[in-house]
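Take the sequences, apply the hints, and build the full model.
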Amino acid sequence: MIAIGSDHGGYELKRGVTDYLKSKGIAYKDFGCYNIKSCDYPDIAVETCKSVVKGECEKALLFCGTGIGISIAANKVDGIRAACCSDTFSAKFTRLHNDANVLCLGGRVVGLGLAIELVETFLNTEFEGGRHIKRIEKITSIESMQNL
Numbered sequence: 041m042i043a044i045g046s047d048h049g050g051y052e053l054k055r056g057v058t059d060y061l062k063s064k065g066i067a068y069k070d071f072g073c074y075n076i077k078s079c080d081y082p083d084i085a086v087e088t089c090k091s092v093v094k095g096e097c098e099k100a101l102l103f104c105g106t107g108i109g110i111s112i113a114a115n116k117v118d119g120i121r122a123a124c125c126s127d128t129f130s131a132k133f134t135r136l137h138n139d140a141n142v143l144c145l146g147g148r149v150v151g152l153g154l155a156i157e158l159v160e161t162f163l164n165t166e167f168e169g170g171r172h173i174k175r176i177e178k179i180t181s182i183e184s185m186q187n188l
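For the sequence shown, our numbering assigns the number 41 to the initial residue and increments by one for each residue that follows.
Since the hints were made in silico from the structure, they are not lab data.
Here the structure is a predicted model, which means the values were calculated and not measured.
Glycine included, C-beta positions come from ideal geometry on N, C-alpha and C.
Accuracy of the hints is not assured; some may be wrong.
Below, simulated EDC-like cross-link-like pairs (lysine to aspartate or glutamate); rule was C-alpha separation at most 16 Å, straight line [unchecked claim]:
no.: 1; residue 1: K178; residue 2: D139
no.: 2; residue 1: K64; residue 2: E157
no.: 3; residue 1: K90; residue 2: D70
Here are the computed distance ranges between Cβ atoms for each label pair [what the hints assert, rightly or not]:
no.: 4; residue 1: D83; residue 2: R148; range: 33 to 39 Å
no.: 5; residue 1: I179; residue 2: I66; range: 25 to 31 Å
no.: 6; residue 1: M41; residue 2: I76; range: 22 to 28 Å
no.: 7; residue 1: I108; residue 2: G72; range: 18 to 24 Å
Encoded structure:
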């Protein structure tokens with residue numbers, strides 16, 4: 041199952057992507073928002089990412105106006121590796137090399153056609169492992185650092 045969430049700035053793009061997921065029979069759980077009324081993306085990011093960390097969902101898709109704010113908030117959640125992408129190369133390699141578990145997209149940056157390509161690439165690319173495992177372990181170790 042895919043976790044999905046947006047703020048008001050990403051709401052319309054999220055709706056288009058959920059229509060795509062439905063058409064492909066891809067199960068998802070929507071953590072909000074559910075309209076274009078202003079809301080705070082950190083709240084949505086945390087709730088959506090919790091479902092990934094707990095293992096309730098395999099990966100997450102997050103949307104805000106640029107994709108940047110919601111990716112910053114998502115990356116504050118231990119166990120999350122979120123990437124804001126607006127090209128397929130980055131969406132592919134964030135999975136291959138970084139084992140990213142959250143894709144963030146900007147509703148005011150990418151159109152629906154490109155968003156669907158990015159989502160397909162992200163969801164269908166497996167982590168390469170190998171030499172990248174050590175780097176992911178180093179990233180994970182940063183989460184346990186106290187009082188930098």
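How the hints compare with the structure:
no. : hint                    : in the structure
1   : K178 to D139            : holds, 13 Å
2   : K64 to E157             : holds, 13 Å
3   : K90 to D70              : holds, 13 Å
4   : D83 to R148: 33 to 39 Å : violated, 20 Å
5   : I179 to I66: 25 to 31 Å : holds, 27 Å
6   : M41 to I76: 22 to 28 Å  : holds, 25 Å
7   : I108 to G72: 18 to 24 Å : holds, 19 Å
When the structure is compared with the earlier hints, a violation turns up for hint 4 alone.
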